[in-house]
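Participant: Please model the entire structure based on the sequences and the hints provided.
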Amino acid sequence: MRTDNEEAPIRFDTKIAVLLRDDLEPWQRLNVTAFLVSGLGTAVPEVVGEPYRDVDGAEYLPMFRQPVLVFQGSKETMAAAHGRARARALASAVFTSDLFRTGNDRDNRAAVRAVGTDSLDLVGLAVHGPRNVVDKVLKGAQMHP
Numbered sequence: 010m011r012t013d014n015e016e017a018p019i020r021f022d023t024k025i026a027v028l029l030r031d032d033l034e035p036w037q038r039l040n041v042t043a044f045l046v047s048g049l050g051t052a053v054p055e056v057v058g059e060p061y062r063d064v065d066g067a068e069y070l071p072m073f074r075q076p077v078l079v080f081q082g083s084k085e086t087m088a089a090a091h092g093r094a095r096a097r098a099l100a101s102a103v104f105t106s107d108l109f110r111t112g113n114d115r116d117n118r119a120a121v122r123a124v125g126t127d128s129l130d131l132v133g134l135a136v137h138g139p140r141n142v143v144d145k146v147l148k149g150a151q152m153h154p
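Position one of the sequence shown corresponds to residue 10 (our numbering), numbered consecutively onward.
Any given hint might turn out to be false.
List time: in silico DSSO-like cross-link candidates among lysine-lysine, alpha-carbon distance up to 27 Å [stated by the list, open to error]:
1. 145 <-> 84
2. 148 <-> 84
3. 148 <-> 24
4. 24 <-> 145
It should be emphasised that the hints constitute simulated quantities derived from the structure, not laboratory data.
Facilitator: What follows is the structure, given as structure tokens:
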């Protein structure tokens, strides 16, 4: 039997959002999203829920405890969002166009390290923070279709 608390809608004070540049190929959008959200779970462990278990007792890895909203925007929207996220010190992950030419974490980190903050050719950004702050960071972006 469920109690009233178990039936009440769950509301989150925070938001997880991914912003993708609108000129990416479909495979790139999926790849970038997967890479970006992997960073949030390690840096912000409270966004990860409990492990899953089916009726037979098989266990599955835990996932985020809240939805991940995916947005898209132009190169300019991406740069503005990145600047706003940095100014507000939001937990964030970046994916640059250079990372499509690398094949491992070491080379990915080197590619980002080789470019100044304002010169990063961002194709993806993931952020986590208070709902209203994330909304301000993503100003001008549209929900991904």
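Participant: Compare the structure with each hint and give your call.
Facilitator: Now the hints, each set against the structure:
1. 145 <-> 84: Status holds; Cα separation ~17 Å.
2. 148 <-> 84: Distance of about 13 Å is within 27 Å: holds.
3. 148 <-> 24: 14 Å, holds
4. 24 <-> 145: 12 Å, holds
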